[in-house]
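The hints should help you fit chain Y onto chain B, whose structure is shown.
There are 2 protein chains.
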Amino acid sequence: MEESNENIQFQISEALIEKVEHLIDSRDDSTILELFNEFHYADIAEILDELNLEQATYIIKLLDSEKTSDILTELDEDNREKILKNLSAKEIAEEIEELDTDDAADIIGELPEERQETVIAHIEDEEHKADIQELLTYDEDTAGGLMAKELVSVNENWTVTQCVKEMRAQAENVTRVHSIYVVDDNEKLIGRLSLKDLLVANPRAHISSFYIPKVDFVHVNDAAEDVAKVMQKYDLEAIPVVDDNQKLLGRITIDDIVDVIKEEAEKDYQLAAGITQDVEADDSVWKLTKARLPWLLIGMFGGLGAASIIKGFGSVFETYSILLIFIPLIQATAGNVGVQSSAIVVQGLANDTIKGEILKRLFKESFLGLVNGIAIAFIVLLISHFYFETSYLISLTIGVALIAVIIMAALVGTFIPIFLEKKGIDPAVATGPFITTSNDVFGILIYFLIAKLILGF
Amino acid sequence: MEESNENIQFQISEALIEKVEHLIDSRDDSTILELFNEFHYADIAEILDELNLEQATYIIKLLDSEKTSDILTELDEDNREKILKNLSAKEIAEEIEELDTDDAADIIGELPEERQETVIAHIEDEEHKADIQELLTYDEDTAGGLMAKELVSVNENWTVTQCVKEMRAQAENVTRVHSIYVVDDNEKLIGRLSLKDLLVANPRAHISSFYIPKVDFVHVNDAAEDVAKVMQKYDLEAIPVVDDNQKLLGRITIDDIVDVIKEEAEKDYQLAAGITQDVEADDSVWKLTKARLPWLLIGMFGGLGAASIIKGFGSVFETYSILLIFIPLIQATAGNVGVQSSAIVVQGLANDTIKGEILKRLFKESFLGLVNGIAIAFIVLLISHFYFETSYLISLTIGVALIAVIIMAALVGTFIPIFLEKKGIDPAVATGPFITTSNDVFGILIYFLIAKLILGF
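Taken in order, these protein sequences are the chains called B and Y. Numbers in this note's numbering are just positions in the first sequence, counted from 1, shifted up by 52. Numbers in this note's numbering are just positions in the second sequence, counted from 1, shifted up by 52.
Check each hint, because a few of them may be wrong.
Simulated crosslink set (SDA-like; lysine to any residue; CA at most 20 Å straight-line) [unchecked claim]: (1) Y:Lys281 <-> B:Glu70; (2) B:Lys285 <-> Y:Asp311; (3) B:Lys281 <-> Y:Ser65; (4) B:Lys474 <-> Y:Ile64; (5) Y:Lys266 <-> B:Glu90; (6) Y:Lys342 <-> B:Phe62; (7) B:Lys363 <-> Y:Ser367; (8) B:Lys142 <-> B:Glu165; (9) B:Lys412 <-> Y:Asn104; (10) Y:Lys285 <-> B:Asp152; (11) Y:Lys339 <-> B:Glu165; (12) B:Lys342 <-> Y:Leu422; (13) Y:Lys339 <-> B:Val423; (14) Y:Lys314 <-> B:Glu90; (15) Y:Lys240 <-> Y:Asp295.
Hints in this document: simulated from the structure, not taken from any laboratory.
Isolated chain B (complex conformation) (with noise of 0.2 Å):
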């Protein structure tokens, strides 16, 4: 069974790249078969993400569509576009046919709107069609958008033979039966069975006698982050998607939700270290900078209202210049303290572990602040006075503006995102520049203004 071990420890490698190449090159095409045949779809899909796109169009167009449909699911979004490029529209259509309904939508819907009837109108299964068309409409943050159209479903009035009978057909076009689901006669989810409760029922017993009447669903246009929550809380692999009048339109698998899942963490995580939109590593530098010149802008603004500020402070120049070199110190404080109280506000807040309770957790926050602020003060103080040899007086000074410094970004930290939350608005955008550069600039006001007050300049 040396066969049994290949999944898991294929390893991409450049060997692998070159010797690939080598057989392009030379157009050896019953060796890249028997090669290609030996390797998982997901496995050809990084191969040819590695190669360039005339050669990973070569390789599409050698393999039987019923496995480069797969790869092509697989493949990075930038290389699956140019491929489909360099495809005809018979040809996308014939990858169409062999994939799943969702699948098959999604890589539609990433055509340009031209080419989509094109493709559509090539496919040759009109059922197929009629459900790509339809999986077409909903928006692809939705429950609907993320559905396929491929389940067992079975009528209450059948029996346990009718029923095997004709899941045996639907089977086919399910890769994975999860739950086999039961409609009455105007395809109204009223139900589950499970495939351990079929093994065992009576041949001849009606459905409607043991089907199970308890069944979660989510509606059509329920968004796809709440369907992603409620299959998790659940602990479901999969759940159906029903219309307004509980008709039965699709299932949801729990292969789909945990892209969702992944994408939203990764989405949370791009924004808190400020860019803008979903990029990878080895996106184009333009395509990169788009996504994070418009932070570094903010951040800048929020520069530039600092020096103002300072300059405001104009006597601090003459007489109290030495409290200039606090300046990082502060800034630094303030962002740090900022990024971490909104980090676990906007978490909290995706995992519905916040439910309101602002006032409580502002002043939980300060109470924080309160702690390390003083934590954090002391030492500096000790520091600043005998190593740095400030007064008595400015010592004080950068102790108390440290303190004052840490509660506000904390409240700015906690406030911003479940503000923005209640206004609609993702929380996730108000971590990472947005807050440091708003604790920037009234961390240095605040600095100053606790310094003219004990100092008196």
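Just chain Y now, kept in the frame of chain B:
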């Protein structure tokens, strides 16, 4: 079918919590049982998380252990720990009997060592006990720590009829039958059967004549993160786990992987935000301080380092004090660029889209830094010259310093995560305060060095 609508629409409310609290106060057990009978265990866990310890314990003791065992697995970890302290070893053992081996081992693993043994001694089912004891020997971050002993496996020498009979017995203990694993007489994993294949097979056929010899599997010591990657890449809903001799030990299902993916993403996000431990908004101020203060201290020392550097360029204070007002700008820019660069690299490393090529990547980041740097420097040059009325040389200094600092920050943000990954350290620790702090210090140093060079002080 009103009932079918219930799960998805469950919304915890203050009114519901108050109602439950009132029922507990008046010891109205029958109404509590009736009410909770309607709820999914995940919903009940959500309710218990809102009650105080005494109330939650009361509910756990009242409900049937078939239900409470599942509730326990869904509770917030801190609350579970407290509730388990209130239960006797025998009571815990009763809950454990109801759980799948993986959940059972997770809960026992959280108990203090002495208690683990007492609880295990109370488990009556000898097979269940042995399975749990085996699972407790594996590291929780490995395949062994994730897997359950419950699975359906058949011998290659059985007939379909024998197989179905055995499966019915085994399936009693398995919540979800994903795949049927095929083993030889030595329990060695040699392939799999799909339920679909079994449905259509001849009852007298031997398994060896139609099983699929190709099966994905992981090794019991493989890292949980790697298992998650494999299952995601190949869209698997369950994967068998084997030991060094290829002996079938257990299986991992996709719902456990969803948790791994989510925790991994949240951990990276928290690390990027400068939070060292896995904390939630509801944790105590003390726990939150322990998670946050270390990073603030790193930032503090960075800030003091920067202060030291500025003080070192003593002549700045006399002749070129205007330079000091742009410190926040330099620092914010360095921080933002560093976090952006590192976030992209950390995600790329986590998703395996970055493979070595360190020089190529550093070159790309330098170029990207140059593009962004020129854009930012140009705007700042105009604003500083016309709004802040700086001299040509000062404006030039700020512009050149910004470009240099942006390139430096991009390089540091790219290099450190790749370096850590090569050294076997999780690169996620590099993002956030760590990179921000080093960029603060380097940024200030570069700024004043360039000023010294151009202005010649």
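Going down the list of hints, with the structure as the test:
For the proposed pair Lys281 (chain Y) and Glu70 (chain B), the alpha carbon gap of about 25 Å is over 20 Å, so the pair is violated. Among the hinted pairs, Lys285 (chain B) with Asp311 (chain Y) is consistent with the structure: their alpha-carbon atoms are about 11 Å apart, no more than 20 Å. About 18 Å separates the Cα atoms of Lys281 (chain B) and Ser65 (chain Y), which keeps this hinted pair within 20 Å; it holds. For the suggested pair Lys474 (chain B) and Ile64 (chain Y), the alpha carbons sit about 18 Å apart, so the restraint of at most 20 Å is met.
Restraint check for Lys266 (chain Y) and Glu90 (chain B): the C-alpha separation of about 11 Å stays at or below 20 Å, so the hint holds. A hinted pair counts as satisfied when its Cα atoms are at most 20 Å apart, and Lys342 (chain Y) with Phe62 (chain B) does not qualify at roughly 42 Å. With a CA separation close to 19 Å, the supplied pair Lys363 (chain B) and Ser367 (chain Y) stays within the 20 Å bound. For the proposed pair Lys142 (chain B) and Glu165 (chain B), the alpha carbon gap of about 16 Å is at most 20 Å, so the pair holds.
Between Lys412 (chain B) and Asn104 (chain Y) the alpha-carbon distance is near 18 Å, which keeps this suggested pair within the 20 Å criterion. In summary, the hint linking Lys285 (chain Y) to Asp152 (chain B) is supported, as the alpha carbons are separated by about 17 Å, within the 20 Å threshold. Of the supplied pair hints, the one linking Lys339 (chain Y) and Glu165 (chain B) is violated, its CA atoms being roughly 54 Å apart against a limit of 20 Å. Between Lys342 (chain B) and Leu422 (chain Y), the direct Cα distance comes to roughly 14 Å. Compliance with the 20 Å bound is thereby established for this hinted pair.
Among the hinted pairs, Lys339 (chain Y) with Val423 (chain B) is consistent with the structure: their alpha-carbon atoms are about 12 Å apart, no more than 20 Å. Distance check on the hinted pair: Lys314 (chain Y) and Glu90 (chain B) sit about 32 Å apart at the alpha-carbon level, beyond 20 Å; violated. Taken as a hint, the Lys240 (chain Y) and Asp295 (chain Y) pair is honoured in the structure, with Cα atoms around 9 Å apart against an allowance of 20 Å.
The earlier numbered hints that this structure contradicts are 1, 6, 11, 14.
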